[in-house]
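*Asks:* With chain A fixed as given, assemble chain B onto it according to the hints.
Number of protein chains: 2
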Amino acid sequence: MKKIEYVLPSEIEKRSFEIIERELLEQGIKIPDEQKPVTMRVIHTSADFEYAETMCYSANAIEIAKKLIASGADIVTDTNMAKAGINKKALEKFGGQVHCFMADDDVAAEAKARSVTRATISMERASRLGKPVIFALGNAPTAMISLYEMMEKKEFVPPFVIGVPVGFVNVVAAKELFLHSNVPYIINKGRKGGSNIAAAICNALLYELGVRS
Amino acid sequence: MKKIEYVLPSEIEKRSFEIIERELLEQGIKIPDEQKPVTMRVIHTSADFEYAETMCYSANAIEIAKKLIASGADIVTDTNMAKAGINKKALEKFGGQVHCFMADDDVAAEAKARSVTRATISMERASRLGKPVIFALGNAPTAMISLYEMMEKKEFVPPFVIGVPVGFVNVVAAKELFLHSNVPYIINKGRKGGSNIAAAICNALLYELGVRS
Chain A
242 MKKIEYVLPS
252 EIEKRSFEII
262 ERELLEQGIK
272 IPDEQKPVTM
282 RVIHTSADFE
292 YAETMCYSAN
302 AIEIAKKLIA
312 SGADIVTDTN
322 MAKAGINKKA
332 LEKFGGQVHC
342 FMADDDVAAE
352 AKARSVTRAT
362 ISMERASRLG
372 KPVIFALGNA
382 PTAMISLYEM
392 MEKKEFVPPF
402 VIGVPVGFVN
412 VVAAKELFLH
422 SNVPYIINKG
432 RKGGSNIAAA
442 ICNALLYELG
452 VRS
Chain B
242 MKKIEYVLPS
252 EIEKRSFEII
262 ERELLEQGIK
272 IPDEQKPVTM
282 RVIHTSADFE
292 YAETMCYSAN
302 AIEIAKKLIA
312 SGADIVTDTN
322 MAKAGINKKA
332 LEKFGGQVHC
342 FMADDDVAAE
352 AKARSVTRAT
362 ISMERASRLG
372 KPVIFALGNA
382 PTAMISLYEM
392 MEKKEFVPPF
402 VIGVPVGFVN
412 VVAAKELFLH
422 SNVPYIINKG
432 RKGGSNIAAA
442 ICNALLYELG
452 VRS
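Chains as they are written, first to last, in the working numbering: chain A, 242 to 454; chain B, 242 to 454.
Chain A extracted, bound-state conformation (with noise of 0.2 Å):
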């Protein structure tokens, strides 16, 4: 077998965040510090440094949804793989945990009843948690979307929004509409996104806050 060095599980990620740091200052990509934490946890789960040039944070962001994570708010993901992703343990600590309405028997029943879509069923159903809540969006652009009308609409305004979804249709333009509007938001611009870092931005956040599982 050809030599592979062997690393502990546990040394390989602050190695990888080693070698990240080094990489973005060689291209000579600076990020704000505050930010770094949550685009270098997103380059990291894609080896993607593209991130570093697309993801976008309104002002105070990472303090906001720390503040909301550490006061014991919610998760809904828009995807049951986004909701694995996330480090629950860590959440629950803080009184929070994670909600992904998508694939329930009863969101697809109501939105073949009514003729609209199960992102936006699920995002109703979000709203009416009770409690605040930080969406982290990284597949559906029609979560997003649905989620824009019920603030349009003045039905409800998200605490915070963590806009990822990945593709090709219509996820740019649903991106555009949070970055310019008032909800504080973590969003990747352009078409690059998954669950996968939805799940990392959520982890960063949580990981910031002390905790690890």
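Check the hints yourself; a few may be wrong.
Intra- or inter-copy, both count: the list cannot distinguish identical chains.
Subject to a maximum C-alpha distance of 30 Å in a straight line, what follows is the list of computed BS3-like cross-link-like pairs (lysine-lysine) [as the list claims (entries may be wrong)]:
(1) K308 - K353
(2) K353 - K395
(3) K271 - K255
(4) K395 - K372
By construction, these hints were calculated from the structure, which means they are not laboratory data. All of these numbers come straight from a predicted model, not from anything done at the bench.
*Replies:* Same frame as chain A, now just chain B:
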């Protein structure tokens, strides 16, 4: 609200693939026909055209993987996130199941007792499932290395490896091991990959077999 054209969720995927196909053509990238459904779904899930240049397939890889699935093979992942992303209902139609042993309490206990990684224990458990297994590894280079070590010791030969871990430490080297082996594989060379990519490859294979849910 800025006008966003409403596109049915069912229509979004079709349109996305048309856009991907057109842009590959514009960029002069030619993907062999049999590999197209897999590589294009990877691009669809990441919005990253770099995969068109780095995805590697052993001879007849797609055919071999499809035959394994059709004959009831299980899929073993190295994250619960990849497991969450795979269309399990589609796999069940052929008699297969998706497993991820990484987060099991007894796996952690055995890894600790034997001073090895959880990935090593997980791969050992997968090797004892008593039926053909497709390994879909999107996270841990240690899982790929453990699997390779079992081959070297002639303890086990994996029937098929989807090798797409992501990252900066040992990832490139772990993939290289299999690129030079006799095991049938789909591997993304280089640093990129992820749980989402592993799941997308599995789903592309399932959908090529004509099942969607």
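*Asks:* Among all the numbered hints in the text so far, which are the ones the structure does not match?
*Replies:* Failing hint: just 1.
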